[in-house]
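Line order of the protein sequences matches chains A and B.
The working numbering numbers the first residue of the first sequence as 1 and each following residue consecutively.
The working numbering numbers the first residue of the second sequence as 1 and each following residue consecutively.
Because the hints were derived from the structure by calculation, they are not lab data.
In this text the structure is predicted, and so the values were computed from the model without any measurement.
For glycine and all other residues, C-beta sits at the position ideal for the given N, C-alpha and C.
Take the hints with a grain of salt, since some may be wrong.
[To be verified] Each pair of labels, with its calculated beta carbon distance range:
id: 1; chain 1: B; residue 1: 49; chain 2: A; residue 2: 492; range: 57 to 67 Å
id: 2; chain 1: B; residue 1: 443; chain 2: A; residue 2: 126; range: 45 to 55 Å
id: 3; chain 1: B; residue 1: 324; chain 2: A; residue 2: 202; range: 27 to 37 Å
There are 2 protein chains.
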Amino acid sequence: MDNYKDYLKYSKKIYDVYMSMSVLNWDMETHMPKNGNKFRAQQLSTLAKIAYDLSTNDKYGNLLNKLSKDQSLSFDEKRNIFLSNKEYLKKKKYSIDFVERQSLLVSQAFKDWRIAKEKSEFKIFKESLENLIELRKEECELLGYDNHPYDALLDKYEPNLTTKDVDLIFSDVKNQLVPFINKISINNNIDDSFFYQHFDHKKQWDFGIDLLKQMGYDFNSGRQDISAHPFSSHFSPEDARVTTRIDENNLSEMIWSCIHEGGHALYEQGILPENYGTPLGNSISLGIHESQSRLWENHVGRSLPYWKNNFSLLKSYFPKELSDINYELFYDACNNVKSSLIRTNADELTYHLHVLIRYEIEKGLIEDSIQVSDLPSIWNDLYKKYLNIDVPNDSVGVLQDIHWSHGSFGYFPTYTLGSFYAAQFYYQASKEINDLNIKIENGNMKELLNWLRDKIHVHGERYDAKVLCQKITGEELNFRFFMEYAKEKYSNIYKLN
Amino acid sequence: MDNYKDYLKYSKKIYDVYMSMSVLNWDMETHMPKNGNKFRAQQLSTLAKIAYDLSTNDKYGNLLNKLSKDQSLSFDEKRNIFLSNKEYLKKKKYSIDFVERQSLLVSQAFKDWRIAKEKSEFKIFKESLENLIELRKEECELLGYDNHPYDALLDKYEPNLTTKDVDLIFSDVKNQLVPFINKISINNNIDDSFFYQHFDHKKQWDFGIDLLKQMGYDFNSGRQDISAHPFSSHFSPEDARVTTRIDENNLSEMIWSCIHEGGHALYEQGILPENYGTPLGNSISLGIHESQSRLWENHVGRSLPYWKNNFSLLKSYFPKELSDINYELFYDACNNVKSSLIRTNADELTYHLHVLIRYEIEKGLIEDSIQVSDLPSIWNDLYKKYLNIDVPNDSVGVLQDIHWSHGSFGYFPTYTLGSFYAAQFYYQASKEINDLNIKIENGNMKELLNWLRDKIHVHGERYDAKVLCQKITGEELNFRFFMEYAKEKYSNIYKLN
Numbered sequence: 001m002d003n004y005k006d007y008l009k010y011s012k013k014i015y016d017v018y019m020s021m022s023v024l025n026w027d028m029e030t031h032m033p034k035n036g037n038k039f040r041a042q043q044l045s046t047l048a049k050i051a052y053d054l055s056t057n058d059k060y061g062n063l064l065n066k067l068s069k070d071q072s073l074s075f076d077e078k079r080n081i082f083l084s085n086k087e088y089l090k091k092k093k094y095s096i097d098f099v100e101r102q103s104l105l106v107s108q109a110f111k112d113w114r115i116a117k118e119k120s121e122f123k124i125f126k127e128s129l130e131n132l133i134e135l136r137k138e139e140c141e142l143l144g145y146d147n148h149p150y151d152a153l154l155d156k157y158e159p160n161l162t163t164k165d166v167d168l169i170f171s172d173v174k175n176q177l178v179p180f181i182n183k184i185s186i187n188n189n190i191d192d193s194f195f196y197q198h199f200d201h202k203k204q205w206d207f208g209i210d211l212l213k214q215m216g217y218d219f220n221s222g223r224q225d226i227s228a229h230p231f232s233s234h235f236s237p238e239d240a241r242v243t244t245r246i247d248e249n250n251l252s253e254m255i256w257s258c259i260h261e262g263g264h265a266l267y268e269q270g271i272l273p274e275n276y277g278t279p280l281g282n283s284i285s286l287g288i289h290e291s292q293s294r295l296w297e298n299h300v301g302r303s304l305p306y307w308k309n310n311f312s313l314l315k316s317y318f319p320k321e322l323s324d325i326n327y328e329l330f331y332d333a334c335n336n337v338k339s340s341l342i343r344t345n346a347d348e349l350t351y352h353l354h355v356l357i358r359y360e361i362e363k364g365l366i367e368d369s370i371q372v373s374d375l376p377s378i379w380n381d382l383y384k385k386y387l388n389i390d391v392p393n394d395s396v397g398v399l400q401d402i403h404w405s406h407g408s409f410g411y412f413p414t415y416t417l418g419s420f421y422a423a424q425f426y427y428q429a430s431k432e433i434n435d436l437n438i439k440i441e442n443g444n445m446k447e448l449l450n451w452l453r454d455k456i457h458v459h460g461e462r463y464d465a466k467v468l469c470q471k472i473t474g475e476e477l478n479f480r481f482f483m484e485y486a487k488e489k490y491s492n493i494y495k496l497n
Numbered sequence: 001m002d003n004y005k006d007y008l009k010y011s012k013k014i015y016d017v018y019m020s021m022s023v024l025n026w027d028m029e030t031h032m033p034k035n036g037n038k039f040r041a042q043q044l045s046t047l048a049k050i051a052y053d054l055s056t057n058d059k060y061g062n063l064l065n066k067l068s069k070d071q072s073l074s075f076d077e078k079r080n081i082f083l084s085n086k087e088y089l090k091k092k093k094y095s096i097d098f099v100e101r102q103s104l105l106v107s108q109a110f111k112d113w114r115i116a117k118e119k120s121e122f123k124i125f126k127e128s129l130e131n132l133i134e135l136r137k138e139e140c141e142l143l144g145y146d147n148h149p150y151d152a153l154l155d156k157y158e159p160n161l162t163t164k165d166v167d168l169i170f171s172d173v174k175n176q177l178v179p180f181i182n183k184i185s186i187n188n189n190i191d192d193s194f195f196y197q198h199f200d201h202k203k204q205w206d207f208g209i210d211l212l213k214q215m216g217y218d219f220n221s222g223r224q225d226i227s228a229h230p231f232s233s234h235f236s237p238e239d240a241r242v243t244t245r246i247d248e249n250n251l252s253e254m255i256w257s258c259i260h261e262g263g264h265a266l267y268e269q270g271i272l273p274e275n276y277g278t279p280l281g282n283s284i285s286l287g288i289h290e291s292q293s294r295l296w297e298n299h300v301g302r303s304l305p306y307w308k309n310n311f312s313l314l315k316s317y318f319p320k321e322l323s324d325i326n327y328e329l330f331y332d333a334c335n336n337v338k339s340s341l342i343r344t345n346a347d348e349l350t351y352h353l354h355v356l357i358r359y360e361i362e363k364g365l366i367e368d369s370i371q372v373s374d375l376p377s378i379w380n381d382l383y384k385k386y387l388n389i390d391v392p393n394d395s396v397g398v399l400q401d402i403h404w405s406h407g408s409f410g411y412f413p414t415y416t417l418g419s420f421y422a423a424q425f426y427y428q429a430s431k432e433i434n435d436l437n438i439k440i441e442n443g444n445m446k447e448l449l450n451w452l453r454d455k456i457h458v459h460g461e462r463y464d465a466k467v468l469c470q471k472i473t474g475e476e477l478n479f480r481f482f483m484e485y486a487k488e489k490y491s492n493i494y495k496l497n
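Build the full structure now, drawing on both the sequences and the hints.
The structure is reproduced here in structure tokens:
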């Protein structure tokens, strides 16, 4: 048991450094004065180097190796050791040379991307992107994979997810979701123009806080701030924060970013503090994390019972602006399905077509069936094909997302995965919680939150995503839950039957 | 030169960790939610351990040792090596056992002190304090000293300051300042009651920001927040922050804490970014730091020209509350000299008697001429002797300051030292800057700030405090500058001549 205690001490030390980096990052995005950037980047890079050295230290590796063979450990202890050892062995595969090249390339790519996006000229970003793709291909070989090199990249964000899995998911999307969206677009006459009046900043902020409290977000273990792009961030289960963005000319921006980030933060607040610093104190994967944010944002926060309850509160903040609106009109407007250029502004159905496009491109780049130089035209063709939309320029086209400039490939599919997990989990919750809709209509979220805590949050990484889904819902991820949810909801809104 | 480059890399790495800790501390005091405390303390302790390990690493020591003998280095490079090596050798004197015992004792002492203060019962704190005194005595022996063991503690905060120096300073205080204060107290009929009306929080905040901007505080390289106790904190010269406290029933709280902390932060903003992570990128000592805050707070911020300029602005925020007041009455009121119980509320003259009392006690405890068990009665006797004031209970008496509970002994004298340095520097600035008073009366602080930048800030630790003072003013620290300032100012206010 002494070895296991040593392991806990070591693992927590590494985690403390990563959590310290999170504090520095959070500050950078929320409060840091303009000029603080240069030294903050340096401090973060020093901490990253320290964390890396600790994580790949041979002493730690030997300890993990020894403990991997220790049959006297409990199930949870074995699980911690298994995952920490997996992480250790993975990190050891990277050479210092690779890590340093990556750091330089990403920093250059980010600079190039910013200028390219500003000038709307893809060719400024082209060379950096080519270098990053080469680096990622090298990484795929270095990490290893069974079938497709892209598997190695998917596994970084969603352990055990394969290209084959994602292909299957998107074939369902293409076969079932795309025709359904087309059906909607013929019948779409929703007017959501009232969202784009002037809505006072302070009142929006207060309403957002009300919504977070109603969800059960604990402000003693978190807080909300303003940032350029909404995000959630945690330094322990007892300090899990959110940010939002308030656009005085677009009410929807704040509302669903609050609920979305609140969903992420509720997951972190539900992790058990006693598991801090070990895999059992971690969220499972990006997909499962996104399932929590999407469940709250869409299944709760864009539902009829939710607005039946909350619309009058919203109207008390904005009586003049919403004088002609009732909760049913509001509900329809916040579920307006419409092809659009920008992924982050997309509705919950067309969103997945944006992801599909990125997935097809990433896979093609990694398997060499697509060349970087062809990207703008491929991008624009795919937007025409799947969303029937013309892309006016690269800035709102192939350059719109920050991810590639950060060197992140294999990340986008987890957004779609998260939504589909959310549908499957929510279906199960509705079965297991009596009158869930009525509870939501009464502003009572407690049972839903407890269900999520109990089924998902408290486990940390105890189970793989696939195993967890099986345990909760009796089967692996199945697209039909999302499709059935979409069909029922939108057939109603758009009177398709 | 390769060795020196290695040194820079190493030194900056250590500094990055300390600056990261500062970010975590800043967040803890300003924004952290209530429950965040436990894991934050753990994260800070992990970073402290990492910083300590890096700072005492033999490889670093060997490098410093080698560079100490390198005659090819420039003056500045030699100075960096000298100070880094001094710091290294000092840190190496502490055993891990000592550091761990200290950490445990301080943590226990802080808990005991909080309860003791709350219940106003010194005996709850007594044992912890005794343990801390024993630890500090051990530290004095471990660090070494020439004459008095307390020298070793002074040197931690004010390099090269000795007990003999401080004795001399306080003998001047006793012989010259005390009789002058007594003379004032007979003639004191100033009415400062208008400070204690209700002053709106938001308006106070805005006025404080105005004052900071006027001083030349750069909000692109800093920011102000609210905290329980005002402090300044820096993560680089390009991110040097301040906090303030706003009491709606006491206007003076915010005003002079803003100016005071602003003075500290201007020092940090004036450090040269290219020296980040080396002694030349550090402030010299606590005393010199305090000289900057006190200079702005008292010599500028409690001066007649300052309020001749700023009173109308203040009055525009609070026309009703200040309707009967003019700038001269305001000036008198903010210079009300009056014996009081609490050090942090004291005026700029009696303040030093509070420090004197703490100094006499600390010295006595370390040289064993005072026993901890006698502290409350000794404290109360000294307050009667120097301030002619009766201490009603331990909470506002011997338990009022946090310093001892943190294990800080040798710190208090730097407050007084700072004030006296401030007087000497300000006298010199007045001689070298044409019409400084008129400039202040016009709200033009630029030349004063540039003078401080040029004479003090840009040098970092290039010179010892004593050498710097000699360079700037032509002589070492001399109490007469403070005494002459006090005599001129207060004789005028109290019409003593």
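Results of checking the hints against the structure:
1. Distance hint check for residue 49 (chain B) and residue 492 (chain A): the Cβ-Cβ separation is about 59 Å, which falls inside the suggested range of 57 to 67 Å.
2. Between residue 443 (chain B) and residue 126 (chain A) the Cβ separation comes to about 53 Å, which falls inside the hinted range of 45 to 55 Å.
3. Restraint check, residue 324 (chain B) to residue 202 (chain A): a C-beta distance of roughly 35 Å satisfies the suggested window 27 to 37 Å.
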